[in-house]
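Let the hints inform the model, and build the full structure from the sequences given.
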Amino acid sequence: MDILPILSTLRRHKLTAGLLVMQIALTCAIVCNAVFLIGQRLQRMDLPSGVAEHELLQIQVADVVKSGNPYARVQEDLALLRQVPGVQSVAFSNQVPFGGSSSNGNVLLDPNQPQRTLNATTYFGQNLVPTMGVQMVAGRDLQDDDFVDVDTALKGLKTGDTKSLPHVTLITRDMAERLWPGQNPLGRLIYLTPTVGLRVVGVMASLVRPNAYDANTAQYTMVIPLRMGADRGMSYVIRARPQDRASVLAAALAALRKADPQRIVTTQRSFDEVRRHFFRDDRAMAGILVGVIAALLVVTALGIVGLASFWVAQRRRTIGVRRALGATRSDVLHYFQTENFLLATIGIGLGMVLAYGINLFLMQHYELPRLPAIYFPVGAVALWLIGQVAVLGPALRAAAVPPVVATRAG
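When the count follows this note's numbering, it moves up by one through the sequence shown with no breaks and lands on 410 for the last residue.
Because the hints were derived from the structure by calculation, they are not lab data. Hints are supplied without guarantee of correctness; some may be wrong.
For each label pair, taking beta carbons as the anchor points, the in silico distance ranges come out as [stated by the list, open to error]:
{"#": "1", "residue 1": "45", "residue 2": "255", "range": "32 to 38 Å"}
{"#": "2", "residue 1": "275", "residue 2": "143", "range": "29 to 35 Å"}
{"#": "3", "residue 1": "267", "residue 2": "149", "range": "23 to 29 Å"}
{"#": "4", "residue 1": "214", "residue 2": "273", "range": "21 to 27 Å"}
{"#": "5", "residue 1": "154", "residue 2": "291", "range": "49 to 55 Å"}
{"#": "6", "residue 1": "363", "residue 2": "22", "range": "20 to 26 Å"}
{"#": "7", "residue 1": "302", "residue 2": "400", "range": "20 to 26 Å"}
{"#": "8", "residue 1": "214", "residue 2": "313", "range": "52 to 58 Å"}
{"#": "9", "residue 1": "275", "residue 2": "181", "range": "28 to 34 Å"}
{"#": "10", "residue 1": "82", "residue 2": "291", "range": "45 to 51 Å"}
{"#": "11", "residue 1": "366", "residue 2": "275", "range": "21 to 27 Å"}
{"#": "12", "residue 1": "130", "residue 2": "291", "range": "41 to 47 Å"}
Computed from a predicted structure; not experimentally measured. Just so it is clear, CB atoms sit at the ideal spot from N, CA and C, and this is done for glycine as well.
Pasting the structure below:
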């Protein structure tokens, strides 16, 4: 079809055509960036934890009356929880993956270097690796004789007694690759301070940080052999079969309350709930963006329908003349579809430029990555399809106008 008559007609309707083009451009720009942001959120929500999430439970308790020996209290509780039917393994930890609050430390390769090499989270507690289901890819797990009481370690830090400090650690594969790219990390030393050095004895496949907000550093994790006493904020981590978790949690809580009725349970949840709670804002943001996209597309489609219907009503006499001169229904239909395609193409072209500008703004102010080029053609195809579907109804009504009725109109 010759597009010159279409362009000539559009020039006579510059304002309405311009408004539709700007609406399509704005929709294209926002939709491209919104879909990209949704993809980023979904990718972040799919971040692996490195633990057997569907088998784990977390319990936190707080003592109303402080116990005499916090280390003995933990050992008593662990022994008690191991007796609960369905419990496969139990550990006591200072934090859990996706728990939110994180204990972190700076890591040095040389005790004299002025700046840290990286920052890593530090898990403490016995039996963490087998209980959480963490996979070891090199070396060994921590052993009982590796562990030191936290109070003893703190006293050693104050007095400079390095013999009372832990001397070994586990690290993740990502952290090892960041520290020693392409090399064997086993046996190498890392330093938390110029006087505290830890030798790497094992490498874990994955163990995510409790505050995994940055995917690039989410797997920078250490497990340090520190034995902790009962304290608020510490967690009992229980492993059980997925189908037994509800009954095991109820039985474990009953056992802890029976052992000390004055204790308060502050947290009781499965690790599925831990993940859901950690990523709740990401899900909410993705849902909001989906709603924004749907609203923009509906408004754009309604704008196309409204404008096309207005033009059909306004051009009834012109359509009748064309039909009388031999134009078929198909010709009229293709005319309006081509007109819409031209308007959509101009709007999409402007929208891509605007989308790129919005992405540059987000990169500078919110540290988002560059918008991949694939989103531009995907957005263009989506808007072309929506435009063609939206204009189809008015175009069919125009094509159905009989020549005689159209000629007599007005």
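Outcome of the hint check:
For residue 45 and residue 255, the Cβ-Cβ distance of about 34 Å falls inside the hinted range of 32 to 38 Å, so the restraint holds. A hinted range of 29 to 35 Å for the beta carbons of residue 275 and residue 143 is consistent with their spacing of about 30 Å. The hint said 23 to 29 Å for the Cβ distance between residue 267 and residue 149, and at roughly 24 Å that hint holds. The hinted range of 21 to 27 Å is satisfied by residue 214 and residue 273, whose Cβ atoms lie roughly 23 Å apart.
In this structure the hint that residue 154 and residue 291 lie 49 to 55 Å apart at CB holds, the actual value being about 51 Å. The hinted window of 20 to 26 Å between residue 363 and residue 22 holds, with their beta carbons roughly 24 Å apart. As the Cβ distance of residue 302 to residue 400 is approximately 22 Å, the hint placing it in 20 to 26 Å holds. Between residue 214 and residue 313 the CB atoms are about 56 Å apart, so this pair conforms to the stated range of 52 to 58 Å.
Distance hint for residue 275 and residue 181: a CB-CB separation of about 30 Å, consistent with the stated range 28 to 34 Å. At roughly 48 Å, the beta-carbon separation of residue 82 and residue 291 lies within the given 45 to 51 Å, and the hint holds. Take residue 366 and residue 275: their Cβ atoms lie about 24 Å apart, and the range 21 to 27 Å holds. Between residue 130 and residue 291 the beta carbons are some 44 Å apart, a value that agrees with the proposed interval 41 to 47 Å.
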